[in-house]
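Protein sequence lines correspond, in order, to chains A and B.
Residue 309 is where the first sequence ends in this note's numbering, and the numbering goes up by one at each step.
Residue 164 is where the second sequence ends in this note's numbering, and the numbering goes up by one at each step.
It is worth saying that the hints were derived from the structure and are not from the lab.
Where a beta carbon is used, it is the ideal one built from N, C-alpha and C, also for glycine.
One should not assume that every hint holds.
Among the chain A residues that face chain B by a calculated CB cut under 10 Å, a handful are [stated by the list, open to error]: (1) H68; (2) E72; (3) I74; (4) E75; (5) A95; (6) D96; (7) R101; (8) Q113; (9) L118; (10) R119; (11) L121; (12) H123; (13) L125; (14) A134; (15) S255; (16) E275.
Now the stretches of chain B that chain A is said to cover, found in silico as 3 or more residues with beta-carbon under 8 Å [to be verified]: (17) 17–23; (18) 45–57; (19) 120–128; (20) 138–147; (21) 152–161.
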Amino acid sequence: MHLDPEEIERLRHGELPPAAEHRVRSHLADCAECRKQTADSAADEAQIFALLRHLDHPLPRVDAATLAGRAQRAEPLWGRLAAGVFLFFGVAGAAYALPGSPVRGWVQTTVEWIQGAERSVVRPAQVPERDAGVAGVAATPGKAFVIHFELPDSAGAARVSLTEGEEVTVRAPSGAATFTSGAERLLVSNAGSGATFEIGIPRDAPRVEIRVAGGRIFLKDGTRIVSDQPAENQHYVLPLLEP
Amino acid sequence: MFEAHFTRLYRYLDRLSGDPELASDIAQEAFVRLFRRGSMPDTPQAWLVSVAMNLFRNARSSRSRRGRLLTAARSEGVLSDPAPSPDHFAASEESSRRVRAAIDRLAERERRLLLLRAEGYSYRDIATALDLKEASVGTLLARARAAFRECYEDTDAP
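Only chain B is shown next, with the shape it has when bound in the complex:
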């Protein structure tokens, strides 16, 4: 149970920030706060996301420069683990760059919507965490996908 929830929160934050260390720190801190809370919130998933987003906002400005440096270093380490070929390494690197560029060009709300849904968060959790009307989450998701597609295709192909 914990692993599933932690994994999806970490993945969301990792994709959102591009900084795995920051994502890990924030996801852990969000769970620490949940433990300290002593009782389960009505919508635990949305609660965790909301807490994590507040922590992320606070940390982003102070750690932004360090985040970029760590991301670059970690990216090499991850890809070197299965000992990829130089061509594969270059292709993966390029794919990551294009996806990152497309994600970063999205509006804040579209980016979060898309990344939350990609981790399987329910419409209710998404609406709660992003302060949206639950009845319009599906429509907004469709728009976010279209916006991502447009941004991705606009970025330079290899």
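The following block holds chain A by itself, in its conformation from the complex:
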């Protein structure tokens, strides 16, 4: 059994692993035909490579430092754009991570907007204020609405009542919180306010949840109410503690 062209080429080019090279060289020692093929292959290659040198032109004068300088000077447009995007997301990420940062709400709103979900209607100006020191928002609930208090607040509470209206309303003393609304979601940034939030939920709303830091403290599902706190005079007073 003679060597195949792959073995001959690889032997000449030093591309055989040691064990295979040993086997091929042992074969060559005993096989004149394969030795001739190997020699012919080498001579043919040398002759062709010599012919290829007829195509050569002088080398350009280029050094690594020059090219490195070019690489730094002429960063392409896409490179600058990529750097800008990375910088933007770096700053945004840092802002997002800050405690109490409104960026989280903006991000959530943006994501939900991109997802094309039906947006809730937010009309803070239309919330009837009981006195000048109260602020709030109103939103039309869809099939499943969530009021999300961002942080637990041992001094704070939510006073929930069922209303005959069509909108979920949340009121708080001015400056106690900021509100961010998205599709089926109202984020209440309430860090350390110690305030009592007045929440009105339409009786006809299919499903409304109240959550604190991700944990559910109240659920209205149809006519069913789920709460750890008993109703008092048709109100539920819920501590803003993580369940």
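Since the structure of chain A is provided, determine the placement of chain B on it from the hints.
Frame of chain A; chain B shown alone:
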């Protein structure tokens, strides 16, 4: 290190294109991109060849006519440097023409295989750059040489 890598890439592109100016531009741009990359690829030689080939493909159509003109002009300049005799000039010119004709008649893959190996690229680099199975590079090289030999002998001898 840089000079060795640059030289073999430039030589490969120069022989492939017949346009030294284009070859120089592309080889330099490939290294600029390597510098910008910030980290070394797994197979830097193959990476450089692949980048250069993409640049070459993009440039070839737009610069093909200009390339032919520059090649003709540069060919005279190179040969005139050592002040050759008229006979030597004519012989070199004829040899270049025959080799160029043979190279140009090869299939694209055979041409690249042969030129890459002529510059000493490893089987692994060749396989990566040309998207071949490394195990068959030797066989394909032998075929490429045979094809070149046939094309070269078919071209008109002086």
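**Q.** Restraint check, 10 Å cut-off on beta carbons, for E275/A near chain B
**A.** 48 Å, violated
(Q) Interface hint check: D96/A, Cβ to nearest Cβ on chain B, cutoff 10 Å. Holds or violated? (A) This interface hint is violated because 22 Å lies over the 10 Å limit.
Q: Mind checking the CB of H123/A against every CB in chain B and telling me if the closest is under 10 Å?
A: This interface hint holds because 4 Å falls under the 10 Å limit.
(Q) Just to be careful: measuring from the Cβ of L118/A to every Cβ in chain B, is the smallest value less than 10 Å? (A) OK, holds: L118/A within 10 Å of chain B, min 5 Å.
Q | Whether chain A covers the stretch 152–161 of chain B (at least 3 residues having a Cβ closer than 8 Å to its Cβ atoms) | A | holds (count 3)
**Q.** I74/A as an interface hint toward chain B, with CB separation required under 10 Å
**A.** Since the shortest Cβ distance to chain B is 7 Å, the answer is holds.
Q. If you look at each residue in the stretch 138–147 of chain B, do at least three have a Cβ nearer than 8 Å to any Cβ of chain A?
A. holds (count 6)
**Q.** Per-residue hint verdict: A95/A, partner chain B, C-beta under 10 Å
**A.** Hint on A95/A: violated, closest Cβ of chain B at ~21 Å, above 10 Å.
(Q) Less than 10 Å between beta-carbons is the criterion; does L121/A satisfy it with respect to chain B? (A) 5 Å, holds
Q. How does the coverage statement for the stretch 120–128 of chain B fare against chain A, requiring three or more residues with Cβ below 8 Å from a Cβ of that chain?
A. holds (count 5)
Q: Using 10 Å as the Cβ threshold, decide whether L125/A counts as touching chain B.
A: 6 Å, holds
Q. Should the hint that Q113/A touches chain B count as held when the rule is a Cβ pair under 10 Å?
A. 9 Å, holds
Hint compliance for this structure: hints 1, 5, 6, 7, 15, 16, 18 are not met, and every other hint is.
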